[in-house]
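A.B. asks: In the order they appear, the protein sequences are chains A and B. Each step along the first sequence adds one to the number in the working numbering, with nothing skipped, and position 175 is 175. Each step along the second sequence adds one to the number in the working numbering, with nothing skipped, and position 144 is 144.
If you are wondering where the hints come from, they were derived from the structure by calculation, not from laboratory data. Be careful, since some hints might not be right.
Once the Cα atoms are required to be at most 25 Å apart in a straight line, the calculated SDA-like pairs of lysine to any residue come out as [to be verified]:
1) A:Lys274 with B:Ala258
2) A:Lys204 with A:His247
3) A:Lys204 with B:Leu255
4) A:Lys141 with B:Thr140
5) A:Lys165 with B:Gly143
6) A:Lys141 with B:Pro138
7) A:Lys204 with B:Ala258
8) A:Lys165 with B:Glu144
9) A:Lys141 with B:Ser75
10) A:Lys274 with B:Ala73
11) A:Lys165 with B:Ala258
12) A:Lys147 with B:Leu131
13) A:Lys119 with B:Leu255
14) A:Lys165 with B:Ser152
As the structure is a prediction and not an experimental result, all values here were calculated from the model.
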Amino acid sequence: MTIASVDSMITMNSRSRRRPWSLLAIACAGLVAVGCSSSSTSTTSGSGSSGTANVAYAGSLTNLNEKVIGPAFTKATGHPYLGRGAGSKALSAEIASGEISPNVFESIGGKPIEALEPKFTNWYVAFAASPLVVAYNPDSKYASDFKAIASGSKPITDLFTLMEKPGFKLGRTDPNLDPQGEAFILMLMLAQKQYHLPADTVTKIIQGQPGSANSPTIFDETALEPRLQAGQLDAASAYLPQAIQLHLPYITLPATISQGDPALKDQYATVSFKLASGEVAQGKPLVVNITTIGKKDSSAADRAAADAFVAYVLSPAGLALHKQGGYVLLPLKLTGSMSAVPAAVRKDLGG
Amino acid sequence: MSTPVLAGQPAQPAPGTPRRVTAGPATRLRSVSGVISVVAAALIWIALLGPVITLFVHLSPSAIASALRAPGALSPLAVSLESGAVTLAVLIVLGTPLAWLMARDRLPLPRLWEAGVLAALLLPPLVVGLLLVFMVGPVTPIGEALAHVHLSATNTFLALVIAEVYESAPYYVLGAQAAFGGVDPRLEEQAGLLGDRPARVARRVTLPLAAPGLAMALAVAWARAMGAFGAVVIIAYHPYGLPLQIWTSLQETGLPSALPFALVLLVVALPLPVAAYLWSARARGRRRD
Numbered sequence: 001m002t003i004a005s006v007d008s009m010i011t012m013n014s015r016s017r018r019r020p021w022s023l024l025a026i027a028c029a030g031l032v033a034v035g036c037s038s039s040s041t042s043t044t045s046g047s048g049s050s051g052t053a054n055v056a057y058a059g060s061l062t063n064l065n066e067k068v069i070g071p072a073f074t075k076a077t078g079h080p081y082l083g084r085g086a087g088s089k090a091l092s093a094e095i096a097s098g099e100i101s102p103n104v105f106e107s108i109g110g111k112p113i114e115a116l117e118p119k120f121t122n123w124y125v126a127f128a129a130s131p132l133v134v135a136y137n138p139d140s141k142y143a144s145d146f147k148a149i150a151s152g153s154k155p156i157t158d159l160f161t162l163m164e165k166p167g168f169k170l171g172r173t174d175p176n177l178d179p180q181g182e183a184f185i186l187m188l189m190l191a192q193k194q195y196h197l198p199a200d201t202v203t204k205i206i207q208g209q210p211g212s213a214n215s216p217t218i219f220d221e222t223a224l225e226p227r228l229q230a231g232q233l234d235a236a237s238a239y240l241p242q243a244i245q246l247h248l249p250y251i252t253l254p255a256t257i258s259q260g261d262p263a264l265k266d267q268y269a270t271v272s273f274k275l276a277s278g279e280v281a282q283g284k285p286l287v288v289n290i291t292t293i294g295k296k297d298s299s300a301a302d303r304a305a306a307d308a309f310v311a312y313v314l315s316p317a318g319l320a321l322h323k324q325g326g327y328v329l330l331p332l333k334l335t336g337s338m339s340a341v342p343a344a345v346r347k348d349l350g351g
Numbered sequence: 001m002s003t004p005v006l007a008g009q010p011a012q013p014a015p016g017t018p019r020r021v022t023a024g025p026a027t028r029l030r031s032v033s034g035v036i037s038v039v040a041a042a043l044i045w046i047a048l049l050g051p052v053i054t055l056f057v058h059l060s061p062s063a064i065a066s067a068l069r070a071p072g073a074l075s076p077l078a079v080s081l082e083s084g085a086v087t088l089a090v091l092i093v094l095g096t097p098l099a100w101l102m103a104r105d106r107l108p109l110p111r112l113w114e115a116g117v118l119a120a121l122l123l124p125p126l127v128v129g130l131l132l133v134f135m136v137g138p139v140t141p142i143g144e145a146l147a148h149v150h151l152s153a154t155n156t157f158l159a160l161v162i163a164e165v166y167e168s169a170p171y172y173v174l175g176a177q178a179a180f181g182g183v184d185p186r187l188e189e190q191a192g193l194l195g196d197r198p199a200r201v202a203r204r205v206t207l208p209l210a211a212p213g214l215a216m217a218l219a220v221a222w223a224r225a226m227g228a229f230g231a232v233v234i235i236a237y238h239p240y241g242l243p244l245q246i247w248t249s250l251q252e253t254g255l256p257s258a259l260p261f262a263l264v265l266l267v268v269a270l271p272l273p274v275a276a277y278l279w280s281a282r283a284r285g286r287r288r289d
């Protein structure tokens, strides 16, 4: 409807003074009705006989959780699944401030979960690694170089000399908000150190200072992979599962810099930089951790659904789906005491 | 959206209909439906204002002070004001002629032109942002042309302005169209018959008569540009304006540090629309006298 016709409608209606008012009243009543019905729906799903697994997870798990794990979990257990993906740090902050109240939390790295201890949880299980890769644009002018590096016919060090070329269009995420953005810089630092690259390699590649968000190479998490798929970047940081699930060509990085091997954690820890907040980002294995988030007011049914979700993820069937999604499975490792772990989850841990 | 319509065109009874005697406020309130409608109107008004009231309830002066005193905290404000001003200039220069041509039916296939503006309004800003990546990204004809003159529409001030123009232009063009539509074409014709050239007619007749409605349209566009987020977060992650500052503060340190910037956004973006509204209401009042 055009402005002009809206206007003539208003003109017409002004002939009868009462009609627009009663229309407004009807609209208002409708609004109230919608409000009531939506709130009642959320109440039933929150405390029904079959509780809901309300899962907050690291953004990189979005595709797998929404398309594969969630539906498979509901099919296997009958519990409804409700997911929400965002940066692990952001989710941790939102849980702490009460903005969101999930009953399961999957994070990359242990820190976002530890920040919630002991109020919300006091244990977590590491079950898979999500190594960093460099995804590239197959139509980039450097595509043949990328292919040669990916196949091993050119050394990995060529990747770093390529990325620091003026005009190279690199994409990465904000290290202050997203663990992947942090890990990408740490990866470059590890590479600079291990391959004895010139001292300004990292800053040249990221076109800015490590802890600063002010760089033309930084994009919002939502925009990064679409931008690469649209052919507007030469290369971008990515987790291996992302690259596999989005069918992006990628260069596998050696385990010593990909941060995907928990056994190399001491080596990863040799690099660090300061974030804008003053907090120090230190190299660590990119491990997916899972825990339940307990709230005093959550119903027993919801708690049971949360426990069932974690148990499902850590079961052979759940782990196999993660492997198909590109995650590197790790021996399950519990941080915290076994007595804190819900009984349903304990059997996955052999406890 | 509907405000500029109402501002631009005072409702008039259609010719030929006998003028009804309008009931006074007291008579109207006595009827049941009158009471219901006032209550309903108040409910909606309060509901619309709810988030703003909540904002004030949850802000403490100390939180505002500490958030705004952080180093570099006010640079997003400068970025938002500068990009908003450039956006308005672009809208005035490019949007006004389009709105006038649409209002006067001077364009071939007028419905098609209107549909084009409405389509831009209809698309979610996030989608507009993603499509802009395909349109003005570095590996596109436009992006390459920009690169020739050492410009880029990726994470730059230019990208921010482009995103804000896309988010606010439909509001300005449709509002301005309604404002021009409210100017009686016969007045323009008479000025023409008296020997005024089109530019002079526009300056002396059309623009002064449409000014209150144009001001409202501009004010709404300003508010949209200041609050633009969806397209901005995709193509202009940098430089940070206020909406992105709110988003990153929220992600980085949580709600308490994000809310003060929402207040800044409100304080900065609101005076212009309010002033435009008051001015256009006064101008309408004068014209009726």
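A.B. asks: For each hint, tell me whether it holds in the structure or not.
C.D. replies: Outcome of the hint check:
With a CA separation close to 22 Å, the supplied pair lysine 274 of chain A and alanine 258 of chain B stays within the 25 Å bound. Simply put, lysine 204 of chain A and histidine 247 of chain A have alpha-carbon atoms about 29 Å apart, too far for the 25 Å limit, and the pair is violated. Of the pairs offered as hints, the one joining lysine 204 of chain A and leucine 255 of chain B is violated, with about 34 Å between alpha carbons and a cut-off of 25 Å exceeded. A distance of roughly 14 Å separates the Cα atoms of lysine 141 of chain A and threonine 140 of chain B; the hinted pair therefore holds under the 25 Å criterion.
As the CA atoms of lysine 165 of chain A and glycine 143 of chain B are separated by approximately 19 Å, the hinted pair is consistent with the 25 Å bound. Distance check on the hinted pair: lysine 141 of chain A and proline 138 of chain B sit about 13 Å apart at the alpha-carbon level, within 25 Å; holds. Of the pairs offered as hints, the one joining lysine 204 of chain A and alanine 258 of chain B is violated, with about 32 Å between alpha carbons and a cut-off of 25 Å exceeded. For the hint pairing lysine 165 of chain A with glutamate 144 of chain B, the CA-to-CA distance comes to about 18 Å; that is within 25 Å, so the pair holds.
Restraint check: the Cα-Cα separation between lysine 141 of chain A and serine 75 of chain B comes to about 37 Å, which exceeds 25 Å; the hinted pair is violated. Of the supplied pair hints, the one linking lysine 274 of chain A and alanine 73 of chain B holds, its CA atoms being roughly 19 Å apart against a limit of 25 Å. With a C-alpha separation of about 37 Å, the suggested pair lysine 165 of chain A and alanine 258 of chain B falls outside the 25 Å cut-off, and the hint is violated. Distance hint between lysine 147 of chain A and leucine 131 of chain B is unfulfilled; the C-alpha atoms sit about 28 Å from each other, more than 25 Å.
Note on lysine 119 of chain A and leucine 255 of chain B: the hinted pairing holds, with a Cα-Cα distance of about 19 Å set against a maximum of 25 Å. With a C-alpha separation of about 18 Å, the suggested pairing of lysine 165 of chain A with serine 152 of chain B holds against the 25 Å cut-off.
In summary, the structure is inconsistent with hints 2, 3, 7, 9, 11, 12 from the numbered list given earlier, while agreeing with the others.
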